[in-house]
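Please model the entire structure based on the sequences and the hints provided.
From first to last, the protein sequence lines stand for chains A and B.
Per this note's numbering, the first sequence starts with residue 12, numbered consecutively.
Per this note's numbering, the second sequence starts with residue 12, numbered consecutively.
Since the hints were made in silico from the structure, they are not lab data.
The reader is advised that the hints may include incorrect statements.
No copy labels: a pair is met if it fits in one copy or bridges any two.
Said to hold, decoys possible - For lysine-lysine, the following DSS-like pairs were computed, each having C-alpha atoms within a straight-line distance of at most 30 Å:
#, residue 1, residue 2
1, Lys135, Lys219
2, Lys298, Lys227
3, Lys99, Lys81
4, Lys135, Lys100
5, Lys298, Lys96
6, Lys227, Lys81
7, Lys135, Lys298
8, Lys99, Lys63
Number of protein chains: 2
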Amino acid sequence: SKHNEPAQAPPVVHYHMNNVTTSRNPVENSETVLILTPLARFYQEYWDSLLKLTYPHELISLGFIIPKTKEGNLAITALQKEIAKTQKKGHGKRFASITILRQDTESPLQNQGEAERHKMENQKARRAAMAKARNSLLFTTLGPTTSWVLWMDSDIIEYPPTLIQDLAAFDAPIIAPNCFQRFYNNEKKSQDIRPYDFNNWVDSPTAKEMAAKMGKDDILLEGYAEMPTYRSLMAMMYDPAQEIGTKVKLDGVGGAVLLVKAEVHRDGAMFPAFPFYHLIETEGFAKMASRLNSESFGLPNYLVYHYNE
Amino acid sequence: SKHNEPAQAPPVVHYHMNNVTTSRNPVENSETVLILTPLARFYQEYWDSLLKLTYPHELISLGFIIPKTKEGNLAITALQKEIAKTQKKGHGKRFASITILRQDTESPLQNQGEAERHKMENQKARRAAMAKARNSLLFTTLGPTTSWVLWMDSDIIEYPPTLIQDLAAFDAPIIAPNCFQRFYNNEKKSQDIRPYDFNNWVDSPTAKEMAAKMGKDDILLEGYAEMPTYRSLMAMMYDPAQEIGTKVKLDGVGGAVLLVKAEVHRDGAMFPAFPFYHLIETEGFAKMASRLNSESFGLPNYLVYHYNE
Ligand SMILES: Nc1nc2c(ncn2[C@@H]2O[C@H](COP(=O)(O)OP(=O)(O)O)[C@@H](O)[C@H]2O)c(=O)[nH]1
Ligand SMILES: Nc1nc2c(ncn2[C@@H]2O[C@H](COP(=O)(O)OP(=O)(O)O)[C@@H](O)[C@H]2O)c(=O)[nH]1
Ligand SMILES: [Mn+2]
Ligand SMILES: [Mn+2]
Numbered sequence: 012s013k014h015n016e017p018a019q020a021p022p023v024v025h026y027h028m029n030n031v032t033t034s035r036n037p038v039e040n041s042e043t044v045l046i047l048t049p050l051a052r053f054y055q056e057y058w059d060s061l062l063k064l065t066y067p068h069e070l071i072s073l074g075f076i077i078p079k080t081k082e083g084n085l086a087i088t089a090l091q092k093e094i095a096k097t098q099k100k101g102h103g104k105r106f107a108s109i110t111i112l113r114q115d116t117e118s119p120l121q122n123q124g125e126a127e128r129h130k131m132e133n134q135k136a137r138r139a140a141m142a143k144a145r146n147s148l149l150f151t152t153l154g155p156t157t158s159w160v161l162w163m164d165s166d167i168i169e170y171p172p173t174l175i176q177d178l179a180a181f182d183a184p185i186i187a188p189n190c191f192q193r194f195y196n197n198e199k200k201s202q203d204i205r206p207y208d209f210n211n212w213v214d215s216p217t218a219k220e221m222a223a224k225m226g227k228d229d230i231l232l233e234g235y236a237e238m239p240t241y242r243s244l245m246a247m248m249y250d251p252a253q254e255i256g257t258k259v260k261l262d263g264v265g266g267a268v269l270l271v272k273a274e275v276h277r278d279g280a281m282f283p284a285f286p287f288y289h290l291i292e293t294e295g296f297a298k299m300a301s302r303l304n305s306e307s308f309g310l311p312n313y314l315v316y317h318y319n320e
Numbered sequence: 012s013k014h015n016e017p018a019q020a021p022p023v024v025h026y027h028m029n030n031v032t033t034s035r036n037p038v039e040n041s042e043t044v045l046i047l048t049p050l051a052r053f054y055q056e057y058w059d060s061l062l063k064l065t066y067p068h069e070l071i072s073l074g075f076i077i078p079k080t081k082e083g084n085l086a087i088t089a090l091q092k093e094i095a096k097t098q099k100k101g102h103g104k105r106f107a108s109i110t111i112l113r114q115d116t117e118s119p120l121q122n123q124g125e126a127e128r129h130k131m132e133n134q135k136a137r138r139a140a141m142a143k144a145r146n147s148l149l150f151t152t153l154g155p156t157t158s159w160v161l162w163m164d165s166d167i168i169e170y171p172p173t174l175i176q177d178l179a180a181f182d183a184p185i186i187a188p189n190c191f192q193r194f195y196n197n198e199k200k201s202q203d204i205r206p207y208d209f210n211n212w213v214d215s216p217t218a219k220e221m222a223a224k225m226g227k228d229d230i231l232l233e234g235y236a237e238m239p240t241y242r243s244l245m246a247m248m249y250d251p252a253q254e255i256g257t258k259v260k261l262d263g264v265g266g267a268v269l270l271v272k273a274e275v276h277r278d279g280a281m282f283p284a285f286p287f288y289h290l291i292e293t294e295g296f297a298k299m300a301s302r303l304n305s306e307s308f309g310l311p312n313y314l315v316y317h318y319n320e
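And the structure:
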């Protein structure tokens with residue numbers, strides 16, 4: 012059975028899809044949000060940030076997909092410990108429901124340190140596996156009454172507690188904040204921030220030419236010096252002097268933090284595990300959504316933070 | 012609180028995906044089947060045939076998506092009347108659960124007589140709308156414990172009651188029986204049968220050449236004299252002298268009756284509402300599944316019957 016079904020559901024349930032709205036004021040309209048996280052590693056700060064979300068928790072369901080690895084075993088133990096606390100009856104921050112899927116397939120790459128998983132030759136297999144994990148999670152947890160899907164990676168550890176309301180207010184089919192990382196700047200001898208996620212981009216003539224000349228199953232990857240695409244990266248557009256509400260249209264998106272109107276997924280937009288217009292996973296998702304007339308947007312000055320290993 | 016008191020079940024559910032099997036013996040393994048029907052018109056024989064399925068009904072869930080049209084209103088009234096009878100407590104043929112989705116979008120083509128809806132110029136918009144309806148139904152009803160998805164059109168009125176077991180026994184990712192139609196043969200002056208569904212086919216060099224020369228958003232359609240593709244149609248392969256278990260590999264499938272392993276959908280295979288390798292809807296689905304390494308098969312001598320208007 013699905014997330015948002017009433018507990019004592021009769022064996023027949025009738026849904027009017029036009030009652031499932033996605034508006035600028037989702038709280039007033041009691042719109043439900045499904046937060047989906049592929050989770051290989053558990054970070055306490057991830058959970059703490061979720062708890063701080065000011066969006067009504069009774070309208071939020073959580074879904075996790077966890078790999079069948081030793082790392083996954085550790086992650087699930089830590090996650091369930093936190094869930095047990097939060098979901099206790101009477102806990103003020105209780106979520107509407109939580110689904111945990113344990114993957115049946117082995118992870119193609121066991122060693123997943125940041126350096127290893129970012130190697131270009133590992134990206135295609137890794138991102139295909141991630142795409143299938145995201146799809147499994149999406150296809151089995153999206154319910155008839157879900158209004159919004161918030162994709163949130165497990166290593167996103169800091170963002171404004173009003174994240175959901177802030178992103179929904181743009182009324183965009185798909186919208187991504189800018190994913191940065193805190194680090195200690197040895198030159199400046201102080202804490203600093205730097206761009207982390209390079210998958211949010213505006214297409215370039217160079218990338219289009221490269222794609223046109225590629226073998227049909229080759230993919231374009233972003234953020235690799237060996238393959239300069241000259242796409243405009245949202246990561247590089249951050250300007251603290253500008254409005255936080257500055258919005259740009261994107262052609263590719265990452266999945267670190269991504270708010271999607273559920274109807275975009277319902278129309279069929281998923282994460283291709285195969286090259287789709289030479290794109291894969293979240294970047295292919297943006298292209299597929301665009302083929303379904305749903306465009307993607309980014310907020311270069313609205314920052315969320317990725318864990319620093 | 013008392014020792015042995017059952018813990019108040021928290022709203023947390025944990026699924027091990029490798030416990031969700033899809034085997035040749037689905038009944039013995041208690042595998043659940045989700046029957047999905049886009050339903051614009053209700054036929055009593057459709058319901059009567061469902062009731063006769065010998066697969067354990069407690070393992071079967073039904074999902075419907077119904078258009079927001081006058082025709083849809085009539086269909087839903089008739090459907091709910093039958094549901095009310097069948098789902099009564101204690102009814103021997105009761106299904107595990109039933110979900111009815113009412114579409115939020117208008118049907119692009121209101122006049123949907125057989126002749127009108129088969130006109131070639133109407134096919135692209137019509138099949139794109141059908142693709143989105145199928146995806147909405149799929150994405151919102153597929154659960155973490157679903158083993159099989161049986162697509163069944165609402166005008167399929169006759170098939171062996173062992174249909175699910177028969178198809179599952181082939182252990183194929185995707186498998187389609189041959190969809191025929193009964194009619195009165197005026198020449199023979201007797202009841203006869205003829206092929207109905209032309210969407211189950213094996214690709215041809217001609218079709219591939221046509222696709223290669225097409226505009227990128229053009230689609231190939233099957234069963235139109237104006238556009239001869241010379242594909243091998245399963246509809247034409249029926250031979251009552253041969254084994255009922257004869258199996259052929261297919262490149263395109265129809266959705267009239269189609270058994271799909273749920274993991275194929277979970278990997279991301281859906282019904283493209285946009286041209287995908289110049290294919291759309293169910294035919295595009297077969298291609299997409301193939302890109303995800305799940306092949307489609309057909310049973311030319313295993314007949315199911317479409318209503319004759
Ligand atoms: N289910 C699942 N999740 C994974 C797997 N590998 C990584 N993840 C999660 O997927 C998200 C993105 O992966 P990550 O390694 O952080 O990617 P990166 O930050 O782009 O290098 C994170 O939430 C990970 O915890 C996997 O094999 N299976
Ligand atoms: N939800 C929904 N179902 C539809 C719509 N149009 C047709 N159907 C259903 O979709 C299936 C296929 O449509 P049908 O008109 O029979 O196609 P054909 O037999 O291939 O010409 C049938 O089960 C119809 O009842 C629609 O606009 N919305
Ligand atoms: Mn990460
Ligand atoms: Mn039909």
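Hints the structure fails to honour:
Going through the list in order, the structure violates hints 4, 5, 6 and respects the others.
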